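Quick note on my numbering: the sequence shown kicks off at 3 and runs consecutively.
Derived from the structure by calculation, the hints contain no laboratory data.
Keep in mind that the hints are not guaranteed to be accurate.
Stated by the list, open to error - Simulated pairs of lysine-lysine, BS3-like, Cα-Cα distance not exceeding 27 Å:
(1) K4 - K41
(2) K135 - K83
(3) K83 - K41
Everything numeric in this text was worked out from a predicted model, so none of it was measured.
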Amino acid sequence: IKAKQGCAFLSISTPYTRSGSGYVCPSASAKAGVEAMSKSLCSEWGRYGLRFNCLAPGPVETEGAFSRLDPSGQFRNSAHKRIPAGRIGEVEEIANLATYLVSDYASWINGESIAIDGGEYPFMAGEFNLLSKVSSDQWDMLEQAIRAGNKKDKSDK
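Using the sequences plus the hints, can you model the full thing?
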């Protein structure tokens with residue numbers, strides 16, 4: 003602070019701090035606290051050039067996580083289906099974002115939690131996102147039903 007050099011602090015969080023989820027209460031609560039701490043510290047210390055951000059990765063391909071938490075491979079296989087990017091993240095992608103966030107190129111980013119999850123969190127949040135599983139034939143049937151309903155509504159008036 004005295005040298006007026008500034009610096010960046012980067013904490014690791016998780017996307018489910020925003021929603022909670024089954025079986026992750028301790029983790030979600032603790033990481034939500036880390037996010038709140040980062041926002042508070044950014045407000046207090048930002049004027050000295052200190053930046054506090056969080057990185058919130060979704061599922062990432064690591065040997066430790068999958069060998070310990072998913073020995074059967076069931077979680078890994080189902081994760082692909084709920085991530086719009088169609089795959090699990092890679093460690094290098096997390097490293098790239100972390101490198102950017104602590105660099106001078108990100109000097110205007112402060113007090114944020116940035117999800118890097120292939121679009122998993124927004125996909126899981128919407129009840130209509132499962133429409134992505136509808137086949138082309140099913141879409142055609144839906145369109146025909148909607149058009150027929152609209153035509154009937156107009157003729158009833």
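Hint check results:
1. Restraint check for K4 and K41: satisfied, since their Cα atoms lie roughly 22 Å apart, inside the 27 Å limit.
2. For a cut-off of 27 Å, the pair hint linking K135 to K83 stands: about 10 Å separates their Cα positions.
3. With a CA separation close to 33 Å, the supplied pair K83 and K41 exceeds the 27 Å bound.
Violated hint for the displayed structure: number 3, the only one.
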